[in-house]
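For the protein sequence lines, the chains are D and E, in the order given. Count the first sequence with our numbering and you get residues 56 to 166, in order. Count the second sequence with our numbering and you get residues 307 to 423, in order.
For the record, the hints were derived by calculation from the structure and aren't laboratory data. Computed from a prediction, not measured in an experiment: that's the story for all the values here. Treat each hint with caution, since some may be false.
Unchecked claim - Not everything, but these chain E residues come out facing chain D in the computed CB check (under 7 Å):
1. Val-317
2. Tyr-333
3. Thr-336
4. Asn-338
5. Asn-408
6. Lys-410
7. Leu-415
As the list claims (entries may be wrong) - Distance ranges between label pairs, derived from CB positions:
8. Asn-422(E) to Gly-95(D): 20 to 28 Å
9. Lys-70(D) to Phe-357(E): 41 to 49 Å
10. Gln-139(D) to Gln-348(E): 21 to 29 Å
11. Gln-348(E) to Glu-123(D): 42 to 50 Å
12. Pro-116(D) to Gly-347(E): 26 to 34 Å
As the list claims (entries may be wrong) - Chain E residues, not near chain D, derived (Cβ > 10 Å throughout):
13. His-313
14. Ala-322
15. Gly-334
16. Gly-335
17. Pro-361
18. Glu-372
19. Lys-377
20. Phe-378
21. Asn-381
22. Ala-398
23. Ile-412
The beta carbon of each residue, even a glycine, is placed where N, CA and C say it ideally should be.
Take a look at the letters that make up each chain.
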Amino acid sequence: GAGVSQSPSNKVTEKGKDVELRCDPISGHTALYWYRQSLGQGLEFLIYFQGNSAPDKSGLPSDRFSAERTGGSVSTLTIQRTQQEDSAVYLCASSPSETQYFGPGTRLLVL
Amino acid sequence: AQSVSQHNHHVILSEAASLELGCNYSYGGTVNLFWYVQYPGQHLQLLLKYFSGDPLVKGIKGFEAEFIKSKFSFNLRKPSVQWSDTAEYFCAVNHGVNAGNNRKLIWGLGTSLAVNP
Numbered sequence: 056g057a058g059v060s061q062s063p064s065n066k067v068t069e070k071g072k073d074v075e076l077r078c079d080p081i082s083g084h085t086a087l088y089w090y091r092q093s094l095g096q097g098l099e100f101l102i103y104f105q106g107n108s109a110p111d112k113s114g115l116p117s118d119r120f121s122a123e124r125t126g127g128s129v130s131t132l133t134i135q136r137t138q139q140e141d142s143a144v145y146l147c148a149s150s151p152s153e154t155q156y157f158g159p160g161t162r163l164l165v166l
Numbered sequence: 307a308q309s310v311s312q313h314n315h316h317v318i319l320s321e322a323a324s325l326e327l328g329c330n331y332s333y334g335g336t337v338n339l340f341w342y343v344q345y346p347g348q349h350l351q352l353l354l355k356y357f358s359g360d361p362l363v364k365g366i367k368g369f370e371a372e373f374i375k376s377k378f379s380f381n382l383r384k385p386s387v388q389w390s391d392t393a394e395y396f397c398a399v400n401h402g403v404n405a406g407n408n409r410k411l412i413w414g415l416g417t418s419l420a421v422n423p
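Next up, chain E with everything else stripped away, as it sits in the complex (with noise of 0.2 Å):
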């Protein structure tokens, strides 16, 4: 069965920190990959996606993600962390194209930041 992992479960980081967060998955085709993130008290909000094309997104407010096929994985990278980016952080999986209409989100278990002033 599809399943996606995030390694972190809660990062402290103090601001200016680089942020990185691990997002591997498990499943050998054609895959959709999104960040989605969660602020305190607001909705799910999405912060990047990736397709296909180059494996290195790029997102709102400053985020990155890679793409490494071989490694299942897509990791979010942001270099210069704010107070404001204190948040829940959720990585999903769909099927890609050719798997159907129906693009069920296949979710993490997300992982809190906290940023420091």
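The shape of chain D in the complex, shown without the other chains (with noise of 0.2 Å):
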């Protein structure tokens, strides 16, 4: 079946645009997860869904990040006014219970 998929796969900007990557999860998975993959630091956890609750935004590096999920299906990872330091690979997962499944990602450039 149809697994996560990201888009665009790749994006390259400039310093202080605004950038918005997508997420289409597995049909029927009720939570999704944002996590940034960046040279050097690993994969960290940047904000998870859960049906219709409140997300848990705890891992948003800053007030430049916002994310949002409409019809507890897509979404949509914001980034304003990028700046360099945000050049990664954000990764997006969802998952019906217990294990995460992954898109391919998208890489982010800023220059």
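Work from the hints to combine the two standalone chains into their complex.
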């Protein structure tokens, strides 16, 4: 069946611009996670959505980062006024319960 | 704070050699443990997982891992590696049951495995 999809696969932007990253989870998965994979820092948790509950935003690194999940399905991660340190691979995962299934990621490069 | 340590950052082996990748975590409560693999150019895939029960778990492609609670370890093993096992391997942990719904994963930094044919 269809896995988690993310778009775009690659994004190059200029410092100060806003970017929007999209995640389409596996149908029926109630939980959705965003992670960031940076060189030398490994994977870090950003935000978690579960059904209609308030999201856990505890991993967002600054107020320039925000995310929403519409209709309990598609999620969008927005980074405002991008900085060079935002360059990373942004990974989305969805989960029916305990195990998380990952998308291919969006590679973001901020020049 | 929770953390996950992977002892080997880069491992180079010849085909048919045995593999053991170390993973230790710091957390005193109930945990779920995972190994994920990322083949070149591909996305993260689940290799195996431990939630409860038999501490020796078997995953895909001949991999296995053993949970040793007293050592806070979850080492990954394979008796005989193949060239196709060349990949990045990540150990991850999250809270087990009774810890709320957020199962955010805490990750090790990964181990890059290169298998020479």
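A closest beta-carbon separation below 7 Å is what the hint needs, so does Thr-336(E) meet it against chain D? This hint is violated: Thr-336(E) lies away from chain D, its Cβ roughly 12 Å from the closest one there, beyond 7 Å.
Could one say that the CB atoms of Gln-348(E) and Glu-123(D) fall in the range 42 to 50 Å? Violated - the Cβ-Cβ distance for Gln-348(E) and Glu-123(D), about 28 Å, lies outside 42 to 50 Å.
Measuring Cβ to Cβ, find out whether Ala-322(E) lies farther than 10 Å from everything in chain D. For Ala-322(E), whose nearest Cβ neighbour in chain D is about 30 Å away, the distance exceeds 10 Å, so it holds.
Regarding the hint that Asn-408(E) lies at the interface with chain D, is the smallest CB-CB distance below 7 Å? Hint holds; Asn-408(E) Cβ to chain D Cβ min 5 Å, cut 7 Å.
Claimed clearance of chain D by Lys-377(E), with the beta carbon kept past 10 Å: Holds: least Cβ distance 22 Å, greater than 10 Å.
Please confirm whether Ile-412(E) is truly not at the interface, meaning its C-beta sits more than 10 Å away from all C-beta atoms of chain D. Its Cβ does come within 10 Å of chain D, the nearest being 8 Å, so this is violated.
Hey, does the Asn-338(E) contact hint survive, CB to chain D under 7 Å? holds (6 Å)
Against chain D, does Phe-378(E) hold up as non-interface, every C-beta pair farther apart than 10 Å? holds (18 Å)
Is it true that the C-beta distance of Asn-422(E) to Gly-95(D) lies inside 20 to 28 Å, as the hint says? holds (26 Å)
Cβ-Cβ distance between Lys-70(D) and Phe-357(E): within 41 to 49 Å? holds (43 Å)
Would the non-interface assignment of Gly-335(E) survive a Cβ cutoff of 10 Å against chain D? holds (15 Å)
Ala-398(E) clear of chain D by more than 10 Å, beta carbon to beta carbon? violated (8 Å)
Of the numbered hints listed earlier, those contradicted by the structure are 1, 2, 3, 11, 22, 23.
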